[in-house]
Amino acid sequence: MVLESVLPTHITKIMTASKYVEDLNYRNSYFAKVGELKIDYLRCFCS
1 MVLESVLPTH
11 ITKIMTASKY
21 VEDLNYRNSY
31 FAKVGELKID
41 YLRCFCS
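Reminder that position 31 of the sequence shown reads as 31 in our numbering, one-by-one numbering, no gaps.
In short, the hints are calculated from the structure, not lab data. Model, not experiment: these values are computed from the prediction. You may find that some hints are simply not true.
[Said to hold, decoys possible] Here are the computed lysine-lysine pairs in the DSS-like style, where the Cα-Cα straight-line distance is at most 27 Å:
#1 Lys33 - Lys19
#2 Lys38 - Lys19
#3 Lys13 - Lys38
Produce the complete structure using the sequences and hints provided.
Written as structure tokens, this is what we have:
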């Protein structure tokens, strides 16, 4: 399904943008929980 391959890249874009703009940063595990992804799966997109 297309959504499964697009969702992690959109979450990493949002995560990167929020860490750049906001003073309060959330952990990567929070974004993984919100996006219903495993943290290991999200890490491969962030590196």
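Status of each hint after checking the structure:
1. Lys33 - Lys19: It holds: about 17 Å lies between the C-alpha atoms, which stays within 27 Å.
2. Lys38 - Lys19: With Cα atoms ~20 Å apart, lysine 38 and lysine 19 stay inside 27 Å; holds.
3. Lys13 - Lys38: holds, 17 Å
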